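Chains as they are written, first to last, in my numbering: chain Y, 1 to 354; chain P, 1 to 354.
Please note that the accuracy of each hint is not assured.
[To be verified] Derived contacts from chain P toward chain Y, CB cut-off under 7 Å, selection only:
{"#": "1", "residue": "Val73"}
{"#": "2", "residue": "Arg210"}
{"#": "3", "residue": "Ser229"}
{"#": "4", "residue": "Pro247"}
{"#": "5", "residue": "Leu250"}
{"#": "6", "residue": "His263"}
{"#": "7", "residue": "Gly267"}
{"#": "8", "residue": "Ala289"}
{"#": "9", "residue": "Ala309"}
Because the hints were derived from the structure by calculation, they are not lab data. From a predicted model like this one, the values you see are computed outputs, not experimental measurements. We put the beta carbon where it would ideally sit given N, CA and C, even for glycine.
Number of protein chains: 2
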Amino acid sequence: MKKRSGQGLSRRQLLRIGLSGAAATFLTRGGEFAPPLQAQQQDTLPSWNDGVAKRAILNFVRVTTVASSPKFVQPKQRIATFDQDGTLWVEHPMYTQVVYCFDRVPVVVKEKPELANVEPFKTVLSGNREAIAKLSMDDLFKILAATLTGMSVDDFEAEVRQWIDTARDPRWKRPYTDLTYLPMIELLNYLRTNGYKTYIVTGGGQDFVREYSDKVYSIPPEQVVGTASGTTYGYDKQGRPFLTKDPKLLLNDNNAGKPEGIHLMIGRTPYAAFGNSTGDRQMLEYTKAGEGERLAMLLLHDDAKREYAYGPAQGLPDTKVGTFTQALYDEAKSKGWTVISMKNDWIRIFAFEQ
Amino acid sequence: MKKRSGQGLSRRQLLRIGLSGAAATFLTRGGEFAPPLQAQQQDTLPSWNDGVAKRAILNFVRVTTVASSPKFVQPKQRIATFDQDGTLWVEHPMYTQVVYCFDRVPVVVKEKPELANVEPFKTVLSGNREAIAKLSMDDLFKILAATLTGMSVDDFEAEVRQWIDTARDPRWKRPYTDLTYLPMIELLNYLRTNGYKTYIVTGGGQDFVREYSDKVYSIPPEQVVGTASGTTYGYDKQGRPFLTKDPKLLLNDNNAGKPEGIHLMIGRTPYAAFGNSTGDRQMLEYTKAGEGERLAMLLLHDDAKREYAYGPAQGLPDTKVGTFTQALYDEAKSKGWTVISMKNDWIRIFAFEQ
């Protein structure tokens with residue numbers, strides 16, 4: 001992954017980022033000069049069409065970072081949180097980490113051959129897609145527990161890195177880390193250029209995402225909040241200490257778990273939060289409940305051609321992966337959250353597209 | 001607290017810090033020039049006597065931050081973790097947070113009068129010091145649970161701030177936040193000037209310490225790892241979301257819980273770790289087990305005159321608060337950890353001393 005994403009994603013992104021970053025700094029520095037919205041738009045967020053979503057972002061940054069603004073936010077208070085799956089990168093047809101877990105099943109069974117005839121491992125090994133698709137949540141948790149816990153933290157990290165380096169998404173035939181959304185990478189950089197500390201707040205595994213977050217999103221491990229199991233401290237035969245990943249769940253970082261995780265790991269209410277599904281609802285509510293200017297945005301996947309289309313909000317096809325209900329859509333509209341239309345708001349989705 | 005510690009501690013410290021910071025930057029910048037140890041010592045860490053401890057710090061920073069050093073550490077990897085009680089501020093005769101909890105008992109009993117005749121609350125209300133000193137750990141946990149959980153996060157934060165603003169240590173008659181160790185404040189700043197991200201990793205309550213960490217140590221809430229209970233997300237009568245502090249313990253950030261907490265909250269192994277008691281042993285072991293240059297230091301309270309003297313290491317009086325056993329002392333010596341003698345290594349202990 002090091003070479004690939006370092007060359008593929010980052011070079012192109014850096015070009016853009018360099019431009020938009022410098023422009024953003026110039027435009028917002030000094031504090032006395034509040035730039036006209038139009039001037040900002042020319043250079044920042046180049047993959048975003050002019051529209052309600054882009055304007056909401058530019059306006060938020062302007063009113064919270066220009067020193068003369070009545071809604072100015074001190075730099076140390078500037079926290080922005082991003083869901084990952086479906087918000088920063090592709091989550092369909094299945095969450096990437098779940099693909100990882102399924103891919104790990106043969107290795108786990110090789111180490112524990114007695115699992116070969118035990119469900120749900122037997123079904124996964126059969127390769128029968130129809131049967132696999134019917135596995136229950138309980139089955140899924142058994143697979144997650146077997147593939148994400150029980151090993152040392154060091155071994156786990158090495159396994160994830162190796163997989164991330166070699167696995168390919170079946171549709172685009174590219175590393176999963178290439179399937180990050182360019183407009184969101186621009187947004188992360190735009191916020192950071194304006195003093196915002198960017199966090200991932202994901203229902204995915206904290207340790208899993210931390211393995212690539214810095215390379216892919218320039219978000220260091222300590223700024224990744226995710227579903228987390230405990231670890232147990234122990235010593236190897238040579239007396240060297242190491243940590244083992246426990247099955248014990250400490251934080252289920254979904255739904256109400258997102259604001260709870262933000263409090264646990266950050267200890268401040270975000271000023272901006274970004275998500276795309278019902279799992280992000282409470283994070284956005286919590287963010288908007290803070291005083292002063294707050295930004296809450298939801299990405300709607302309404303672009304079947306360039307990516308995927310699912311809801312069931314707005315008549316889009318229903319899904320179990322990244323569900324965006326009509327109720328969530330209505331709450332967004334009634335509470336002043338901004339819905340990003342992938343189809344209409346994004347000029348380009350991936351960095352690898354020409 | 002805002003005014004007091006902002007004026008008392010910080011002004012004097014800033015003078016020192018400004019000097020040592022600039023000098024440190026100059027001396028370590030560029031990477032080609034490794035300054036002689038003597039030159040460094042003149043301007044940095046002015047409250048530290050020349051000795052093994054000060055030299056260990058200066059050497060560590062030099063070899064990990066000078067680019068030409070074979071043990072150079074990338075800036076983003078530079079993590080330093082500090083225990084709080086007994087390492088950054090006074091912990092005797094009793095941990096400050098425990099004093100807070102005892103002070104809160106009358107308020108809690110006022111809200112729940114039925115507790116007045118229930119132990120251990122009855123004993124605490126009696127004011128009988130001898131009886132209070134004999135309370136068991138179980139009793140103590142009951143007091144902690146009653147005074148630290150059950151309220152909203154916002155209410156708790158307001159209560160802590162109010163207490164920190166008004167409570168006084170009985171010996172020095174000063175706010176507890178004045179009882180931070182000036183040499184450690186210098187050390188925090190020296191490390192930060194050299195690109196280290198400084199964390200508190202405390203057995204104390206994460207939410208408690210976060211209320212003053214930024215003002216007192218310039219450590220923001222997201223860089224405080226501590227004993228943490230869960231929270232529960234809910235809504236008030238107006239439908240506004242808020243978090244309630246649960247009694248459910250998520251992380252007991254002591255002993256093995258310190259490396260476990262570091263993994264949970266930071267996700268990187270520290271390059272430097274500082275403690276003062278058996279509760280810090282695993283954090284120091286874990287830190288030293290990392291590759292490359294690592295610094296592990298323990299503060300020995302051997303200064304009965306200026307602060308307190310306790311061990312029982314090295315024949316010092318035994319204590320239940322911040323125990324530093326002879327076994328810990330011997331492990332430190334055998335593993336290359338540095339023991340700081342408060343008596344011999346520190347010229348000055350508090351900023352308020354002339």
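| field | Ascending list of hint numbers which this structure does not respect | value | Going through the list in order, the structure violates hints 1, 3, 4, 9 and respects the others.
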